[in-house]
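Given chain A's structure and the hints, the job is docking chain B onto it.
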Amino acid sequence: MENLQCQCGHVNPPGTKLCESCGRSLTEKEQNSKLVDMRYEGTARRSQTYNKSIIDKIWNFFSSVKVGVSIIVVLLVAAAIGTILPQQAFVPATTETAIKDYYADTYGSIGRAYHFLGFHDLYSSYWFIALVGMLAISLVIASLDRFVPLYKSLKNQRVLRHPSFMDKQRIYANGPGTEDTLQKAETKLKELKYKVRTEKNGLLAEKGRFSRWGPYVNHIGLIIFLFGVMLRMIPGFYIDESLWLREGETRAIPEVPGYYLESKNFELENYTGEGGEEIFGEALDRVGTVAKNYQTDVVLYQTAEGALPGAADGQEVVKEYPIRVNQPLKFDGYAIYQMDYRLDELRAMTFALTNKETEESLGELTIDLINPEDTYELESGSTVELLGYYPDFSGFENGEPQTATPLPNNPGFLVKLTTSETPEGETSFITIQNTVEPLGENEYKLSFLSVETRDVSGLTVRKDSTLPILGLGGLIFMIGVAQGMYFNHRRFWIQQKADGTILLAGHTNKNWFGLKKDLDQVVDYASLPAYTDQQDEIDKVEKAEKDGEALS
Amino acid sequence: MGEQTKQKKSNKKQKRAVMRTIILTLLVAAIGYTIYNSATAEDVSILEVGDKAPDFALVDLEGNTHKLSDYEGQGVFLNFWGTWCKPCAKEMPAMDRQYEAFSNDGVQVLAVNIAQSDFEVQSFADQYGLSFPVVIDKTKSVMTAYNIRPLPTTVLVNPEGNIERIITGEMTEQDIEGFMEEIKPE
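Chains as they are written, first to last, in the working numbering: chain A, 1 to 552; chain B, 1001 to 1186.
Simulated from the structure, these hints should not be mistaken for lab results. Note that the coordinates shown come from a computational prediction; the quantities given were computed from them, not determined experimentally. All clues given are correct.
Derived, one-sided and incomplete: chain B residues facing chain A with beta-carbon distance under 7 Å:
{"#": "1", "residue": "Leu1027"}
{"#": "2", "residue": "Thr1034"}
{"#": "3", "residue": "Ile1035"}
{"#": "4", "residue": "Asp1055"}
{"#": "5", "residue": "Ala1057"}
{"#": "6", "residue": "Leu1058"}
{"#": "7", "residue": "Trp1084"}
{"#": "8", "residue": "Gln1116"}
{"#": "9", "residue": "Glu1120"}
{"#": "10", "residue": "Ser1141"}
{"#": "11", "residue": "Val1142"}
{"#": "12", "residue": "Thr1144"}
All C-beta atoms, glycine included, are put in the ideal place defined by N, C-alpha and C.
Looking at chain A on its own, in the form it has when it is part of the complex:
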């Protein structure tokens, strides 16, 4: 493409619509239209200009608003499809293969395709991230390609424009003026806070140019926001771990080296509908139980500097805190939230050693299921020796009792009971509601008396170092929106010809009503010729034509 030389002598880059210097229309389309297209001041979008190397081609692709909007549409459609089947985080499967099978088994071939295409974990699927990345590229390039020429053009704009530029502006006037018209107009416009520049027989008044930067500021905010989201994927910036903590347990906090958390107590409190809560009585009758409070009382410990994992010494209490919903334990940039709970996990079981025939008790013992002892001595001199403990008994394998998990869900005990009557000892295998006597009939048994339970708190450990960046991005985004939405870029060009005729043109990027209100004051004060809104004229003509068609 060749550069375009305007009649005024200025050389414009190819693709320019309105001469950068005088404003004459350079294209046939512009010359034939009644109003000029003032978007980007008629400058050439840079990418349209050069299209040679592969880099230029890629650049031009992303410079297109059509491409940008298409990417957004594709993202929206993908996100919508991602809501049709549940995301993998909400699926009752944990391992990679189990998740895959779940989709295939539950939803058939659709589920298989869904999983194959990565819709089951949409935000982490490589193609979704790639699309968001392409959107970011599009934002950067499309903004650069438009901002730079617009900025240059507004910075270098001339006071005097060619009459053909002025009469194609939406607000236009042409009529006689007096000697001091220009001066008076200048005074009034300055009073209205316009920046006025004069040159020879003309003036340019301008206000609120910064509002034109709104979209670009807005895009900078979006880019910063996306950058923050990107950081989340980098280890160390974003932590979201769960921690199941049982009453009485002390655990290392995952992903938080050097800190330990102990649960003293978990409490689930419901509304009773009594006392001060009588007011809720009716509602409670209607809906049943309503939780009032979920609370885990914790102690946070920190190990001494340089202490090794596993070493129990040197732990110091940092603080004691009741973690409640929306009141996380906060320390050192981390926050621990109350998220979930399980009530009444077995903790200890109490038995009585009894004679099977006489039902006479030789004493009681309590077995701590978390930390059982080898032998339990009873007052009567009898002993109960623990030979084996299977916290989650799941059956026998080769005659060997097995445990499925380390949790005391279904405790099994292999015990040897020794009394004065049975000094050799009797062996028995006890599970809940069941006793097996593997070595023959016994005289004594352990009869179950009571159970102690404890609650489990489901906590979430969170750290998000990207929040300030996301916040900054959001703030800049909003500044850009306000800048572009609530301020207008208003301009007036006024020229007085040698014969005293006044030419006037006005333009704003939005809010023509406001522009006209300003102009009305200037017209009054400086007795300018009456102006017309050429867009209104065009609309009127079109409307009349339409009505005419409708009539005939």
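Quick look at chain B alone, frame taken from chain A:
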């Protein structure tokens, strides 16, 4: 004059090409990095082969403290296990036999139990007649530091104190022998 403008124009062109290349490269690199991170996020083994093995101090069933750093100069065969984990139990006897064979060559076995009671661990050790030290990670802090997910997981630490290999799942006796050979001091 014409020469000069041409010169200026070609300079401008070059500058533009360089700028565009730089911007595009930066953006594509950022996206590539993000995708890479998200792809590897699942198996965040923050620990990797070649890393310094995090030091720890755990107490065994006899009450002796075992510090990993005390074994520098020896290969350490670090096995994480639990009594409920069947493959763990299966590989224990083989580990014990290989320990007998390699202990004089400077290979140490440390079996790290995940937060079970002394009673359970002791009866397991007695049942299998384990001769290597069995330590209990009561607070799961070592498990957390090593980011252990499935059991059994075995971490091989070489005599320099670096991670030589991470094995998840059950090992055969042949595997165990080969691994011990790998971390045997020269």
